[in-house]
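Chemist: Here is what each chain is made of, one letter per residue.
Number of protein chains: 4
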Amino acid sequence: VDEARARLRDTFVAVRSRTLALIEPLEVEDLVVQSMPDASPARWHLAHTTWFFESFVLFPFAPGFSPFDPAFGLLFNSYYHALGERWRRPDRGLLSRPTVRRVLEYRRATDERVEALIADARDEDWPRLAERITLGLEHEEQHQELLLMDVKHLLGLNPLGPAYRPECTRPPRAAPPVQLAPLRWIEGPVGAVQIGAAGEAFAFDNEGPRHTTWLQPYALAHRLVSVGEYLAFVEDGGYRRPELWLSDGWATVEREGWEAPLYWRREQGRWSVFSLDGWGPLDATEPVAHVSYFEADAYARWAEARLPTEAEWEALAAGAPVRGNLLESGALHPRPASAEAGGLAQLFGDVWEHTRSAYSPYPGYRPPPGALGEYNGKFMSGQQVLRGGSALTPAAHVRASYRNFFHPHQRWAMQGLRLARDA
Amino acid sequence: VDEARARLRDTFVAVRSRTLALIEPLEVEDLVVQSMPDASPARWHLAHTTWFFESFVLFPFAPGFSPFDPAFGLLFNSYYHALGERWRRPDRGLLSRPTVRRVLEYRRATDERVEALIADARDEDWPRLAERITLGLEHEEQHQELLLMDVKHLLGLNPLGPAYRPECTRPPRAAPPVQLAPLRWIEGPVGAVQIGAAGEAFAFDNEGPRHTTWLQPYALAHRLVSVGEYLAFVEDGGYRRPELWLSDGWATVEREGWEAPLYWRREQGRWSVFSLDGWGPLDATEPVAHVSYFEADAYARWAEARLPTEAEWEALAAGAPVRGNLLESGALHPRPASAEAGGLAQLFGDVWEHTRSAYSPYPGYRPPPGALGEYNGKFMSGQQVLRGGSALTPAAHVRASYRNFFHPHQRWAMQGLRLARDA
Amino acid sequence: VDEARARLRDTFVAVRSRTLALIEPLEVEDLVVQSMPDASPARWHLAHTTWFFESFVLFPFAPGFSPFDPAFGLLFNSYYHALGERWRRPDRGLLSRPTVRRVLEYRRATDERVEALIADARDEDWPRLAERITLGLEHEEQHQELLLMDVKHLLGLNPLGPAYRPECTRPPRAAPPVQLAPLRWIEGPVGAVQIGAAGEAFAFDNEGPRHTTWLQPYALAHRLVSVGEYLAFVEDGGYRRPELWLSDGWATVEREGWEAPLYWRREQGRWSVFSLDGWGPLDATEPVAHVSYFEADAYARWAEARLPTEAEWEALAAGAPVRGNLLESGALHPRPASAEAGGLAQLFGDVWEHTRSAYSPYPGYRPPPGALGEYNGKFMSGQQVLRGGSALTPAAHVRASYRNFFHPHQRWAMQGLRLARDA
Amino acid sequence: VDEARARLRDTFVAVRSRTLALIEPLEVEDLVVQSMPDASPARWHLAHTTWFFESFVLFPFAPGFSPFDPAFGLLFNSYYHALGERWRRPDRGLLSRPTVRRVLEYRRATDERVEALIADARDEDWPRLAERITLGLEHEEQHQELLLMDVKHLLGLNPLGPAYRPECTRPPRAAPPVQLAPLRWIEGPVGAVQIGAAGEAFAFDNEGPRHTTWLQPYALAHRLVSVGEYLAFVEDGGYRRPELWLSDGWATVEREGWEAPLYWRREQGRWSVFSLDGWGPLDATEPVAHVSYFEADAYARWAEARLPTEAEWEALAAGAPVRGNLLESGALHPRPASAEAGGLAQLFGDVWEHTRSAYSPYPGYRPPPGALGEYNGKFMSGQQVLRGGSALTPAAHVRASYRNFFHPHQRWAMQGLRLARDA
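Residue numbers (this note's numbering), protein chains in the order written: chain A, 5 to 427; chain B, 5 to 427; chain C, 5 to 427; chain D, 5 to 427.
It is worth saying that the hints were derived from the structure and are not from the lab. The reader is advised that the hints may include incorrect statements.
Said to hold, decoys possible - To spell it out: a stretch of chain D is covered by chain C in this simulated footprint if at least three of its residues, at any positions, have a beta carbon under 8 Å from a beta carbon of chain C; those stretches are:
#: 1; stretch: 45-59
#: 2; stretch: 80-94
#: 3; stretch: 152-166
As the list claims (entries may be wrong) - Quick list of simulated restraints, FRET-style, between CB atoms:
#: 4; chain 1: B; residue 1: 274; chain 2: C; residue 2: 167; range: 29 to 37 Å
#: 5; chain 1: A; residue 1: 90; chain 2: B; residue 2: 189; range: 49 to 57 Å
#: 6; chain 1: C; residue 1: 258; chain 2: D; residue 2: 68; range: 33 to 41 Å
The beta carbon of each residue, even a glycine, is placed where N, CA and C say it ideally should be.
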């Protein structure tokens with residue numbers, strides 16, 4: 005047990021520290037503003053992840069616990085009805101207090117208490133405590149990605165075009181291949197197939213139970229759709245042809261005036277794209293990113309293919325190692341597929357891959373009891389599943405069974421697509 | 005062929021006449037008003053179904069065809085982008101012209117031309133023509149149900165509480181059973197199961213292709229959830245307990261101020277309900293109706309059960325005869341389950357049954373080419389599947405493989421639910 | 005008194021009959037639809053004016069009065085809070101019942117009761133009763149104009165372009181003058197001037213008390229601004245130059261996409277205009293109509309002039325006879341100024357003339373007690389005064405002291421303008 | 005001239021420094037957030053007032069001027085269409101950059117250039133330059149008040165209830181009088197009266213031309229309406245009685261759910277109020293503040309009085325010295341009327357006083373040419389005039405002829421009221 009405690013404490017320190025490292029390049033001003041209702045101020049992420057440890061770790065396990073500030077429950081509860089009133093989500097940007105300084109104190113004080121608890125908890129509490137802390141860290145990793153998504157959105161709308169990090173701190177980029185390999189199609193298993201999380205390793209409740217599903221013959225493209233391929237769709241009038249779109253998708257195109265992916269901008273006939281390094285020219289060999297489900301679906305129709313189901317994706321990804329352009333690469337942006345021969349490229353990292361599967365409960369799914377039952381299950385309507393992680397996802401956070409989900413019109417996540425077809 | 009032509013002509017006359025019979029109890033004023041964006045004026049249904057025959061039957065098949073009124077294309081096209089501009093759907097109620105009289109002339113003239121075409125079409129055109137006319141009639145039947153849904157909504161919001169039909173014309177109602185049988189659970193087939201439309205009979209494109217799916221052990225309740233059972237949920241605070249609801253569902257409850265199903269009203273502590281016969285007291289033994297997916301899902305959670313998937317439903321309904329309280333019964337309202345022993349009751353008719361299945365394409369699904377490809381496929385996002393037909397559905401229109409679909413917040417269709425559980 | 009009773013009864017019959025005459029060219033469908041929140045269905049006007057007699061004449065004066073239908077109070081009360089709940093104004097078009105037929109019965113029954121009351125009322129009640137009936141008739145005349153405005157709006161948005169009346173029933177139009185006379189400027193009185201209603205004749209409460217105001221030297225244009233003059237403003241980029249507009253006006257231009265007056269349409273470079281006779285070419289010599297306060301103000305700025313104050317207008321109109329192109333002419337549309345020499349043309353009729361005066365209480369103004377106090381006083385914020393009546397105003401209804409009022413963005417009234425300048 | 009230059013430079017330094025002093029108690033976070041569309045982030049005020057000097061002083065007068073940052077024109081232009089594109093007003097809070105630090109550099113650099121220009125400008129430019137700088141300083145003073153209004157709104161909605169300044173820095177408050185004097189009525193001049201700015205001293209364009217107006221006999225209350233008096237209105241159901249309200253006012257009450265002035269809160273039956281010193285108990289003797297025109301008008305009706313016209317107010321204020329509880333007192337909050345005998349109390353300072361006068365041009369008014377013509381004139385619709393300054397207004401900024409204006413529903417300015425009546 006002691007070793008387990010030491011290991012968990014190290015992980016705790018590492019994950020919590022990375023959140024702080026992520027905000028290092030930012031100004032106080034960047035931590036406060038909410039750029040749209042779907043996004044949150046970075047400061048809110050800092051505080052909310054801390055509140056999560058307070059509510060689900062310290063409150064139930066730390067003897068004599070009292071909250072750092074009783075008002076923070078109202079302010080930093082995201083959506084757990086069972087834990088009381090919440091400040092309205094679209095109004096998170098209306099709060100100038102608590103200051104960033106105070107929120108950092110909140111983090112520090114809470115970290116100390118969690119670390120003390122790791123050291124001091126009774127042995128009989130340890131298994132459940134360890135499980136909760138692990139959940140808190142997985143939760144923190146989700147918010148690390150959200151924080152970067154939200155910061156990108158905030159900086160991206162600013163006419164000054166500020167970059168997230170100074171030039172000197174960016175990782176050097178490998179020379180891109182001269183040309184992307186043409187699509188190859190990789191066939192997947194057929195008939196009764198098992199999917200879903202199993203075994204000892206951490207997984208969210210929505211990844212299980214492991215169960216049988218039935219697959220018809222199919223194939224997946226060996227790599228992601230590239231910017232160059234997507235540009236051909238744009239230039240072929242893709243955003244002006246209703247017959248390519250789902251009905252709700254076309255309504256969104258018209259209402260929002262979409263003409264290209266989020267973060268693309270055309271000026272005097274030349275396209276540029278916003279990344280966390282600022283504005284730059286489009287690179288045709290990179291995977292396309294920041295396209296909604298509606299756009300991915302329309303592109304697939306135009307390309308005479310379709311999106312994969314989540315089961316098709318998982319059946320092929322199941323054996324593959326979790327390796328790729330993830331948060332640890334430091335790129336913070338998708339990269340061109342390498343030319344390596346054989347197999348599926350870019351399965352993990354780069355961009356979350358759209359699937360045609362609505363986010364629904366697996367057969368036999370039951371959310372856990374209590375407030376944590378609100379974590380995943382209550383979002384199972386109106387959203388689509390995405391798979392595989394992105395360049396903003398911590399490597400330890402993703403796996404073949406991982407189910408991310410967004411509404412079909414949302415596109416501020418680093419979302420892209422891989423084509424599928426019936427085989 | 006001649007007999008086939010005679011048979012189709014008779015069906016054509018019968019279906020088209022029934023639409024006119026449905027509006028007989030109404031005043032001109034009732035045919036003009038649009039009570040909400042989801043609904044259409046009855047006059048619009050009369051004209052749109054006629055435009056469908058003009059566009060998809062007369063235009064391609066009738067030599068020298070010219071439209072009855074060229075402006076009607078703009079006004080009565082519902083959503084076929086491939087066929088040009090359309091009048092905005094939420095503004096259908098802004099049009100006082102063409103008058104009802106003129107629309108009835110439009111129907112008459114178009115009917116004559118279709119009937120002439122049935123008689124005169126070249127034999128080599130006949131198979132495709134017959135297929136199109138059949139589609140037009142299936143389409144008309146869908147709008148017969150929509151017309152009644154929309155009229156009910158219109159009359160239901162009127163403070164005068166007008167009934168759709170005079171008392172004297174209502175079918176007498178059988179005495180209700182003293183008490184409903186308690187729920188029995190009927191198990192369905194397990195493992196690889198085939199679902200979807202197959203064979204010669206008409207089916208919409210979205211019902212196919214027939215394909216294999218995999219079912220875990222499950223059971224369905226032998227009858228629908230009753231008003232009395234749903235009332236217990238209401239009285240247990242069902243509409244005030246966020247933990248029972250999907251997240252988007254709870255947001256809808258709060259935004260819309262829902263406290264009960266649509267058409268329920270509480271005054272001085274007593275509930276009444278609006279039907280096409282006007283306002284009356286709640287009958288605890290009837291199936292509950294006009295509940296959205298969100299409400300059905302919350303009820304099921306409260307009842308410690310769940311909604312069936314569409315495959316589970318179809319697997320059990322596949323062999324059953326299409327019999328039940330459908331449009332032809334004249335009840336226009338769900339009826340209590342009869343006490344007959346054994347088997348699944350109320351599978352067809354009474355109310356459309358909510359499923360937990362999002363409306364998605366079946367494996368291998370491809371919409372037909374051209375404007376008719378817009379009929380079903382483009383709605384495959386954000387909606388849920390319902391099965392089994394209602395008391396407003398023509399009997400010839402429904403079958404085990406039939407997939408109806410609505411957004412999860414909608415409830416002006418005659419929707420109810422049957423519980424399911426893992427076996 | 006008997007003669008007074010006979011006279012009032014004749015007026016009552018005449019005014020009430022004219023309302024019915026106004027709807028004669030319409031279809032039932034035209035009477036039911038509400039084309040926008042500011043407008044009401046014609047049927048509503050028919051019923052509301054009747055409810056006014058029920059509530060303010062029969063209820064207080066007719067012994068043993070009971071309402072025709074108790075539910076009509078809810079449906080046809082416009083805005084009198086003192087008289088109970090009201091059906092929401094923007095939802096007047098959601099009601100298909102009561103039918104037009106029933107509303108006409110309501111009118112007939114109420115007319116009979118009012119006529120009986122005129123005959124039978126006690127002499128001591130007569131003065132107050134006569135005052136109330138007169139108010140009811142003035143109220144009815146206001147709704148005659150509103151009814152025509154609302155019908156015009158309804159027919160004007162219909163892509164079929166239906167005319168209000170058949171060609172054969174239109175009054176022949178005099179040949180227009182070859183050219184309009186250039187603007188002449190007529191100076192008004194200076195210094196302390198009396199305005200406001202005085203004396204015996206009927207006037208609304210908001211026209212008094214008569215009081216002194218102070219005028220600086222000024223002049224009014226001898227005629228209204230013409231379509232040709234306004235077109236020059238449009239073609240000079242009037243709707244694209246923010247510097248010509250009030251701030252709220254420019255926001256309206258951008259939000260609504262205004263490019264010309266309401267009912268103007270440009271197709272292939274040619275302008276046409278909708279009148280109650282349908283669509284036709286612009287006539288440059290007619291007064292411009294259906295311009296909001298914002299547009300009138302912007303035009304005046306462009307023309308290096310300004311709008312008159314209401315006191316300036318009244319001071320010059322005070323002596324003039326109420327004569328002009330009013331409802332009785334049958335034109336239902338403004339007409340070119342006649343070439344007659346001298347004096348102010350088009351003071352009454354043609355179009356309501358915008359003034360730069362906000363609609364405020366006159367010094368010493370007090371609304372009457374009770375529900376009738378809500379008639380005028382409570383609208384004294386955010387609106388502008390218009391003067392002089394239009395081609396839709398009954399001649400007996402308007403006078404020099406009459407104050408009409410609309411919000412500065414509204415333009416479905418027959419509104420135009422006359423320029424003013426400092427002298 | 006040299007002395008004039010020195011004097012203006014001193015004023016320039018003093019006014020600009022006071023803006024910085026006002027933000028001293030705030031955190032960076034407080035300077036960035038926009039709490040509602042009507043308000044602006046404090047940082048925006050800092051930058052916009054600086055941009056004003058750049059655009060209207062440096063650009064036209066400083067030889068070889070180039071802007072500090074060319075992008076700032078887009079970001080910090082408030083509403084001058086003549087000066088190019090502007091960032092949408094409701095989105096001012098979406099910008100995290102430029103940082104506060106950078107904006108303070110912008111101020112510093114601009115101040116240096118203006119001071120240099122004061123020293124170096126050619127004598128022939130001096131009069132016009134001095135006029136422009138003076139206008140820039142008056143403009144800055146307006147934004148000093150706006151900044152405090154906006155900061156109050158921001159802090160006031162925060163559940164943490166933060167105070168603007170620490171307790172220790174607040175000026176001590178004189179003991180309030182035991183009881184307010186009952187209202188006395190002071191009569192004003194009657195007949196032809198001159199109002200409007202005249203003479204050499206600075207005044208905004210909208211304060212002139214000086215002109216004659218005509219007053220009927222009237223009297224003003226000798227002091228402002230107090231919190232205690234207003235509370236009686238609230239407790240008499242003032243916010244639940246539509247008959248007391250203007251029609252648009254009542255619609256606002258219902259839409260916004262108003263139950264009391266802005267910044268009042270009732271908890272467990274006790275009222276508290278938010279000031280720049282945080283939350284505290286209501287003080288019945290203070291003037292009521294933060295009531296909209298609609299509320300002031302309803303209160304006056306309830307009190308059987310009315311609001312003054314702006315001419316009535318100015319006619320009585322014309323001779324009085326500009327003295328009172330203004331920004332320099334440091335109170336930042338209205339104070340009870342002192343018991344001093346005779347005359348009108350609280351004319352200047354404490355709260356802006358509502359008038360029943362719509363904000364309209366005076367006879368003969370003409371806005372100046374060019375972009376500065378947009379300063380005042382284009383807001384002359386839909387707003388009401390307020391007079392007398394508030395506890396947030398710099399003393400040098402207000403005078404008897406000063407016309408402030410807000411929309412009738414707005415109440416985040418420090419607005420109160422004084423009753424008037426016909427004499």
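Chemist: The stretch 80-94 of chain D covered by chain C? Criterion: 3 or more residues, Cβ-Cβ distance below 8 Å.
Modeler: holds (count 3)
Chemist: For the stretch 45-59 of chain D, do three or more residues have a beta carbon lying closer than 8 Å to a beta carbon of chain C?
Modeler: Violated: only 0 residues of the stretch 45-59 of chain D have a Cβ under 8 Å from chain C.
Chemist: Please test the hint of 29 to 37 Å on the beta carbon pair from residue 274 of chain B and residue 167 of chain C.
Modeler: At 52 Å between Cβs, range violated.
Chemist: Between residue 90 of chain A and residue 189 of chain B, does the beta-carbon spacing fit 49 to 57 Å?
Modeler: Roughly 39 Å apart at Cβ, these two residues miss the hinted range, so it is violated.
Chemist: Holds or violated: 33 to 41 Å for the Cβ distance of residue 258 of chain C and residue 68 of chain D?
Modeler: With a Cβ separation near 37 Å, residue 258 of chain C and residue 68 of chain D satisfy 33 to 41 Å, so the hint holds.
Chemist: Do three or more residues of the stretch 152-166 of chain D come closer than 8 Å to chain C, measuring C-beta to C-beta?
Modeler: violated (count 0)
Of the numbered hints listed earlier, those contradicted by the structure are 1, 3, 4, 5.
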